[in-house]
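K.L.:
Listed here are the chains, written in short residue letters.
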Amino acid sequence: MAPARSGEPAPVSRAPVRPHRRLRRRRLIQLAFVAPVVVYVVVMFAYPLVFGVSMSLEDFTFASLATGFAKFAGLSNYRQVFDNPVTWTAIVNTVIYTVITLFFQFGLGLAIASFFNRRFPLSRTLRTLILIPWLLPLIATGTIFRLLFAGSGGLVNRILADLHIIHSPIFWLDSRVSGMAAIIIVSIWAGLPFNTILLYAGLQDVPREIQEAAMVDGANAWQRFRKVTLPLIRPVAAIVLMLGLIYTVKTFDIVILLTNGGPGNATQLLATDAYTQVFSNLQFANGAAIGNILLLFCAIISVIYIWSIRRSERQA
Amino acid sequence: MSTVAVARSAGAKRRRASGRSRVRPALRSWLLLVAGLAIIVVVLFPVYYAVIVALEPSSTILAVAPGVIPHQVTFANFHAAWDNEVSNITASLLVSLGVVLLTLLIATPAAHGLARFRFRGISIVIFALLVTQMVPGISLSIAFYVTFNKLHLLNGYLGLVLADSTYAVPFAVLVLRAYMTSLPSSIFEAAEIDGCGHGRAFLRIALPMALPGIITAGLFAFLFAWGDFLFALTLNSSGSVQPLTLGLYKFVTAFGSNWGPMMATVVLAAIPSGIVLAVAQRWISGGLQAGALKG
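Residue numbers (the working numbering), protein chains in the order written: chain A, 1 to 316; chain B, 317 to 611.
Just so you know, these hints were derived from the structure itself, not from any lab. The structure presented is a predicted model; accordingly, all values stated were derived computationally and were not measured. It cannot be assumed that every hint is accurate.
[What the hints assert, rightly or not] Derived CB-CB ranges, DEER-like: (1) 590/B x 174/A: 29 to 35 angstroms; (2) 597/B x 174/A: 36 to 42 angstroms; (3) 23/A x 519/B: 46 to 52 angstroms; (4) 67/A x 389/B: 57 to 63 angstroms; (5) 67/A x 573/B: 16 to 22 angstroms; (6) 406/B x 66/A: 16 to 22 angstroms; (7) 406/B x 36/A: 26 to 32 angstroms.
Virtual Cβ for every residue (Gly too), placed ideally from N, Cα, C.
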């Protein structure tokens with residue numbers, strides 16, 4: 001974070017030439033505006049992340065909490081973590097969960113955004129209402145879906161029974177596959193507004209003239225969507241997907257509330273696995289190591305994300 | 317630092333009807349409205365259902381399927397939820413307001429500085445703020461737990477406010493910076509020529525002009541803190557500072573099928589979301605885009 005502290009005179013926009021000392025003082029005042037947030041990022045983000053990495057390389061136990069002392073342990077925590085089948089369940093679950101959730105969030109979001117990209121009465125109001133799932137606390141969302149997925153008397157089971165699809169109630173949250181399915185459905189629902197709104201903004205930017213030109217050339221609706229709209233919204237779509245990926249891969253609240261990672265760790269994701277290791281099993285070092293694996297996932301996605309932003313900016 | 321889509325869409329209020337349709341325009345727009353309503357009804361059904369169950373007397377909730385309208389309306393569930401949760405609601409309010417205060421104190425001057433002044437490392441600071449939004453909360457919370465334990469910040473308001481502010485500060489700086497960049501720079505240049513210092517230019521010009529942006533950032537900070545569950549769960553093992561989300565979680569795990577009061581609690585927890593939607597709706601998608609797309 002050195003740059004904000006460097007006192008080198010940068011071109012001050014159109015300021016008349018002033019005595020040197022005055023300029024320096026102004027420079028310091030300018031720095032005072034930005035310095036707090038730089039300190040904040042270092043203390044609240046950089047330090048914890050470095051701390052987490054060092055924790056994962058130490059023999060950090062419950063006792064270390066009090067003494068503040070832990071022996072260096074090299075990569076042994078990571079070895080333990082990768083020897084643990086639960087970690088692999090969590091990794092596989094996280095990947096499957098993220099891919100399926102993103103696919104439906106994005107697909108449904110694009111469909112709804114395309115629908116609203118037309119003029120009709122009340123469309124603005126309806127578009128606003130679609131934000132509601134995104135604004136709700138995730139714990140509240142999860143609680144609603146616990147009711148919908150309830151084994152006895154839950155609405156989902158009742159509807160499936162009325163349609164004669166099932167003959168005895170499914171206990172959704174009590175097995176791996178149906179539990180993951182429930183988690184994915186809740187996650188799609190909660191993330192849908194985000195995708196819809198950003199993709200809608202992208203669609204609004206597609207110049208009407210191009211659409212009309214394609215229409216004059218005899219392109220049908222599907223062709224216009226495939227060949228005109230889709231390529232033009234690709235930069236926005238890439239960003240929406242990347243952000244969705246980052247938000248989804250670190251999902252925590254929904255899982256804790258719906259299944260708590262169970263039954264028997266079958267529905268753990270990386271975030272909840274790290275939580276369970278640290279706060280239930282008091283395996284601080286192992287938990288930190290799992291947290292860092294998740295962090296690595298996020299870092300890789302972020303690099304691709306930043307790169308795609310830069311690229312689309314250069315194109316713009 | 318141009319934006320991807322936002323700047324153009326902000327100015328582009330062009331509405332467009334796609335395609336010359338063979339159906340008469342009036343009929344067509346009514347059909348679209350019906351379809352739009354259908355989409356909203358399907359998407360929002362879970363919320364509606366929660367409200368119905370919250371209004372239904374406990375005895376009838378699962379005995380008879382709650383219909384489109386409640387069989388009997390009662391506020392008993394809300395009374396129960398309020399009695400259970402009033403201390404948690406207070407805790408949530410205090411923490412959230414603390415987060416708003418801390419966030420605006422840090423973010424407003426920073427946004428002004430990043431929008432107005434030219435530093436060498438500005439793009440690095442902005443890059444860092446973008447990256448921080450991608451850090452998983454669980455990684456932070458493990459480190460916070462150990463550090464806060466040493467500093468005696470666990471099970472207290474200050475610790476939770478600090479932790480919850482990590483959701484809001486980077487977002488608020490980015491959103492506010494976008495807002496402040498859009499203010500005409502000529503005003504600030506004129507003020508400078510008139511001998512107005514940086515401090516005064518910030519307080520007298522930037523703050524009043526950016527007020528809508530500041531309110532939006534504050535509302536989002538409130539909402540982020542209000543919705544936090546992860547830090548509340550991990551940094552408050554004693555339960556001395558128990559926000560509503562944690563209270564709801566404990567209620568769900570302890571009384572798994574007491575649906576009436578549970579859904580009433582959900583409705584209470586959703587009130588700030590409703591307020592934000594009502595007050596800041598036209599800023600939400602702009603803010604979403606600024607936080608997400610600007611850089």
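K.L.:
Now tell me, hint by hint, if it's right for this structure.
P.N.:
Against the structure, the hints:
no. : hint                              : result
1   : 590/B x 174/A: 29 to 35 angstroms : holds, 33 angstroms
2   : 597/B x 174/A: 36 to 42 angstroms : holds, 40 angstroms
3   : 23/A x 519/B: 46 to 52 angstroms  : violated, 22 angstroms
4   : 67/A x 389/B: 57 to 63 angstroms  : holds, 59 angstroms
5   : 67/A x 573/B: 16 to 22 angstroms  : violated, 45 angstroms
6   : 406/B x 66/A: 16 to 22 angstroms  : violated, 32 angstroms
7   : 406/B x 36/A: 26 to 32 angstroms  : holds, 29 angstroms
Figure legend: structure checked against the earlier numbered hints; hints not met, in rising order: 3, 5 and 6.
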